[in-house]
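There are 2 protein chains.
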Amino acid sequence: MVTRAVLLDLDGTLVDSVFQHVVAWDAALSGGGYEVPLWRIHTGIGMGSERLVPWLLGGYPENLDALSKAHERAFLDHAGELRPTNGALALLDDLERREVPFHIATSATEAVRKALLGALGREDLPTTDADAVDSSKPAPDLLLAGCDALGADPTDMTLVGDSPWDAEAARRVDIRCIALRCGGFGDDRLRGAGAFAVEDDPLALVGRL
Amino acid sequence: MVTRAVLLDLDGTLVDSVFQHVVAWDAALSGGGYEVPLWRIHTGIGMGSERLVPWLLGGYPENLDALSKAHERAFLDHAGELRPTNGALALLDDLERREVPFHIATSATEAVRKALLGALGREDLPTTDADAVDSSKPAPDLLLAGCDALGADPTDMTLVGDSPWDAEAARRVDIRCIALRCGGFGDDRLRGAGAFAVEDDPLALVGRL
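The listed protein sequences derive, respectively, from chains S and Y.
Residue 1524 in the working numbering sits at position 126 of the first sequence; the count goes up by one each step and never skips.
Residue 1582 in the working numbering sits at position 184 of the second sequence; the count goes up by one each step and never skips.
Hints listed in this document are in silico derivations from the structure and should not be mistaken for laboratory results.
A portion of the hints provided could be inaccurate.
Same chains, same names: a pair is fine if it fits in one copy or spans any two.
[Unchecked claim] Dumping the calculated SDA-like pairs for lysine to any residue here, alpha-carbon to alpha-carbon at most 25 Å:
hint	residue 1	residue 2
1	Lys1512	Arg1569
2	Lys1467	Arg1569
3	Lys1467	Pro1552
4	Lys1512	Val1421
5	Lys1512	Val1434
6	Lys1512	Glu1494
7	Lys1467	Ala1530
8	Lys1512	Asp1522
9	Lys1467	Ala1537
10	Lys1512	Glu1433
11	Lys1467	Asp1598
12	Lys1467	Leu1480
13	Lys1467	Phe1594
14	Lys1467	Gly1590
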């Protein structure tokens, strides 16, 4: 596996946070009077709030901002329980040691992004979050911002993600996507969205990117 | 779809509880000093505690009972937030109206089973739980107990479940399994475990069993 530069997703890829997001969105949506099955919420994780909520509700609610804030609060209430995914810190060390350029591209808001980096103990990592671009995944804006930050062409990049939305965003701009199972998405959905390889978790990629 | 009698799973199939189980197991295992990735916990949901914990930890821990109790407490703390899956109540009504014999077979403990039936508002439903048999799914004990309760032969039964463990238990005793996506398991895993059909949720089965 030869890679010039690496883009990394954060939620579900480096931090074991997807199931907490599902439960936090359930609390936010229920509080707003919407009942959405939790498996449907799960299938939307990886998009930013501004895409996830209309996708789940079938249209833009008037209280989109309030729902997003309620989700953020519910998620941050349990931020102390977050852990890195298996091998996340080892993969970051490995990339740094071998001087592989990398950048984190996340659909999280700035506040959630900070909590996630805190769970890694790596607030220093180079990151672009959803608050810094017009549109979150599966739009490619975050990935292109990461390419710009690294001064690299999309076709020289590999994205490591965990959701079909990562794979779809990457496919739109000819970035290879390696998808990880540790976000809880099935192989068929990850490959169907365009992932060219599927592995369990970051540990499987140490020494290989 | 002609069916003589129906076995129904409860967690994830009639009640939207799988993601809460994942988070409750994470709390119990973390509290016991074990760090298990949440996607791995998710893949084990559907087994009873006595099978799930050794499967996740690679062996029987001395404190298995304490871990199971901690999970039960963490889960029951949020039992008030549980909702039926989409169409669960309609499917139960449909089976009763058309006089299709059915029985619920669940890997839940008695306390969790009561909370789940409470979330349905149907404490009267005929049910066999894990506390009533020697071994939970994927062992077929619960399904065979359900057949006995209905006086029906396994080959005349259809099980409606949501997890690969339901499908595997059914396959072992030649019961057809219809698997639902509403527990968050992927089509490939459900079919791989032996499900002969996959649908979104109970609503898809109303009028068809």
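Consistency of the hints with the structure:
no.	hint	verdict
1	Lys1512 x Arg1569	neither (27 Å within a copy, 47 Å between copies)
2	Lys1467 x Arg1569	neither (30 Å within a copy, 46 Å between copies)
3	Lys1467 x Pro1552	neither (33 Å within a copy, 50 Å between copies)
4	Lys1512 x Val1421	both (20 Å within a copy, 22 Å between copies)
5	Lys1512 x Val1434	between (28 Å within a copy, 23 Å between copies)
6	Lys1512 x Glu1494	within (20 Å within a copy, 52 Å between copies)
7	Lys1467 x Ala1530	within (17 Å within a copy, 45 Å between copies)
8	Lys1512 x Asp1522	within (10 Å within a copy, 48 Å between copies)
9	Lys1467 x Ala1537	within (22 Å within a copy, 44 Å between copies)
10	Lys1512 x Glu1433	between (29 Å within a copy, 22 Å between copies)
11	Lys1467 x Asp1598	neither (32 Å within a copy, 30 Å between copies)
12	Lys1467 x Leu1480	both (19 Å within a copy, 22 Å between copies)
13	Lys1467 x Phe1594	neither (35 Å within a copy, 42 Å between copies)
14	Lys1467 x Gly1590	neither (32 Å within a copy, 40 Å between copies)
When each numbered hint is compared with the structure, violations occur for hints 1, 2, 3, 11, 13, 14.
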